[in-house]
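There are 2 protein chains.
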Amino acid sequence: MPESIPSWAEKVRAGDRRSLARAISAVECGEAGGVELLKRLFAHAGSARVIGITGTPGAGKSTLVEKLAGDYRRSGARVGIVAVDPTSPFSGGAILGDRIRMQSLAGDEGVYIRSMATRGQLGGLAPTTHDVVTLLDAAGSNVILIETVGVGQDEVEVARLADVTVLLLVPGMGDDVQTFKAGVMEIADIFVVNKADRPGADRVEQEVAAMLSIAPRPDAWRPPIVKTVATTGEGVAAVREAIEKFAAFGSERGLVEQRRREHWRARLLELLRQKLFERAASPRLRDGSLEGLVDALVARRRDPYSLVDQWIEEFGAARVAPGRKSR
Amino acid sequence: MPESIPSWAEKVRAGDRRSLARAISAVECGEAGGVELLKRLFAHAGSARVIGITGTPGAGKSTLVEKLAGDYRRSGARVGIVAVDPTSPFSGGAILGDRIRMQSLAGDEGVYIRSMATRGQLGGLAPTTHDVVTLLDAAGSNVILIETVGVGQDEVEVARLADVTVLLLVPGMGDDVQTFKAGVMEIADIFVVNKADRPGADRVEQEVAAMLSIAPRPDAWRPPIVKTVATTGEGVAAVREAIEKFAAFGSERGLVEQRRREHWRARLLELLRQKLFERAASPRLRDGSLEGLVDALVARRRDPYSLVDQWIEEFGAARVAPGRKSR
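The listed protein sequences derive, respectively, from chains A and B.
243 is the number that my numbering gives to position 242 of the first sequence; each next residue is one higher, with no gaps.
141 is the number that my numbering gives to position 140 of the second sequence; each next residue is one higher, with no gaps.
Worth flagging that the hints you see were computed from the coordinates, not collected in a lab.
Among the clues, some could well be false.
Distance condition first, Cα-Cα at most 20 angstroms in a straight line; then the derived SDA-like pairs of lysine to any residue [claimed, not checked]:
| hint | chain 1 | residue 1 | chain 2 | residue 2 |
| --- | --- | --- | --- | --- |
| 1 | B | K40 | A | A267 |
| 2 | A | K276 | B | S105 |
| 3 | B | K276 | A | L308 |
| 4 | B | K40 | B | E11 |
| 5 | A | K276 | B | A318 |
| 6 | B | K276 | A | A267 |
| 7 | A | K276 | B | K40 |
| 8 | A | K228 | A | A267 |
| 9 | B | K12 | B | A22 |
Simulated coverage check for chain A against chain B, where a stretch passes if three residues somewhere in it have a Cβ under 8 angstroms from a Cβ of chain B [stated by the list, open to error]:
| hint | region |
| --- | --- |
| 10 | 221 to 229 |
| 11 | 247 to 254 |
| 12 | 260 to 271 |
| 13 | 278 to 289 |
Quick caveat: nothing in here was measured; it's all calculated off a predicted structure.
Built from N, CA and C at the ideal position, the CB exists for glycine as well.
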């Protein structure tokens, strides 16, 4: 007999690791039970600090996440980690290696690590990342660290999801500020120059400082630049301090509140977009009638704009037809 | 008095440049007239050959497009060009410069060039690119060249839209095949090594050839590798020949038909997704009631999953309520 949703939700809230693992899987696979769990657990989430760790592949994100998690653990905080793994076969091996390297956290009941696939070959957060964060939060995490792959749009996406975003730079990797993707420098609340024992670290720091002095942030926060050698743990405490400082500044100025509003506004509209589409499209995907429409388009017998108008009409009508369940 | 849609559509079909320009603007701005035009003109499109030209910024895409267009013009074909410009202020200047450099085509009534913005700061085709191609096609273009920015996902997106995709590589730009973004090498029907007078061109060619021999295509097409110096026109005729060859191979094997089916299937579903969302979301965006929902989410009084369920119910009900127009 399958477990009831209320009992499952209670176990997740109590921090039961197996129940949490099954909940995350249910959410990732889009099972109906996953959504029911989220509906129940959403009210019990929202108190964790969500920290995004981003930067190009090879910058040392996994190592910093591991060390930061250890630092938080020493002060008694419960830590959740979401590590986004690339689905691409090209770099999969290396990043899975990083996962294995987080061994200092293995066996610690106060840390929960979950790897997630990227949205697609070109990176980006999986759409369920938000839901996994909600589950970790409801399960009692005080701090949630999200580590991105550092490809495509995921830096910007993690900044939308997190309360605070940490951007890792490294000397000598072509990471010059000038060549950074447009839009990525702007999302960093805290800059970390990792591998700071390598030549060029000072130059990276100076370039970031110069850029920040040219373009101050509208919210008056001055992003600190912290130098670290994550492998030895050097500077990790300073990163945590910078995070706490930003959190204090942010809650005083209403910044965190504002960011969460923007996040939930975007997330609500995204969920609407996705669910509407799923419910309207799935009947025609299931019964194969989509192919007839595609035939008509390729032969130019129908145009896609009128077809979609008609499809939406039929979708609305079906939802209120007598005798039809509407969910 | 505004022109009637049927008369406007007729003028576009007749190749009237001002009517075409206004039609493209109407489509780009999402005016109701734009969709009405597309509904009428869709049946008259579908005979142009759509060619995507992609590759990293600085690879010489604009120059190749200009020279290819000239080559097609000399054989009497009418040519449409869609040049996707970055919206980012960082590289805008340089690319606008490229536009100006297409001067050999200026004043030629058989060529229509339209610049379009990217979808966002991180690149990607604007969603209306498909519609602009439909308009150029209905206006009598025999060949439509789409030039991407070469950032983010646009290589993959243009491959979905085009009948044939040409990928430009250049020696000595860190363009080594190994470092190419996953998924980009696979989309090329034709490889062009441009700036082939520079050192390293042979090495790039060898690397591509090696990669192709390791991973042959499931459709049995063997992508040719053409060397060009686009600035002098060297090799441009060979690129065109390769395009014609692929087109012949593709129509013989049903490849072009299959690609168009996939294209229109994806496009139809994308339109459905977008229109459903617009119609369901716009009332709450207009009357500001979305903000009340966001308040409830941030305070965790409501959960987003149930909220979206309810929203979809109300949307369906509104579409068939008596006395409500459904469009």
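Consistency of the hints with the structure:
{"no.": "1", "hint": "K40(B) with A267(A)", "in the structure": "31 angstroms, violated"}
{"no.": "2", "hint": "K276(A) with S105(B)", "in the structure": "50 angstroms, violated"}
{"no.": "3", "hint": "K276(B) with L308(A)", "in the structure": "11 angstroms, holds"}
{"no.": "4", "hint": "K40(B) with E11(B)", "in the structure": "13 angstroms, holds"}
{"no.": "5", "hint": "K276(A) with A318(B)", "in the structure": "16 angstroms, holds"}
{"no.": "6", "hint": "K276(B) with A267(A)", "in the structure": "17 angstroms, holds"}
{"no.": "7", "hint": "K276(A) with K40(B)", "in the structure": "27 angstroms, violated"}
{"no.": "8", "hint": "K228(A) with A267(A)", "in the structure": "33 angstroms, violated"}
{"no.": "9", "hint": "K12(B) with A22(B)", "in the structure": "11 angstroms, holds"}
{"no.": "10", "hint": "221 to 229", "in the structure": "violated (count 0)"}
{"no.": "11", "hint": "247 to 254", "in the structure": "violated (count 0)"}
{"no.": "12", "hint": "260 to 271", "in the structure": "holds (count 7)"}
{"no.": "13", "hint": "278 to 289", "in the structure": "holds (count 4)"}
When held up to the earlier numbered hints, the structure conflicts with 1, 2, 7, 8, 10 and 11 and fits the remainder.
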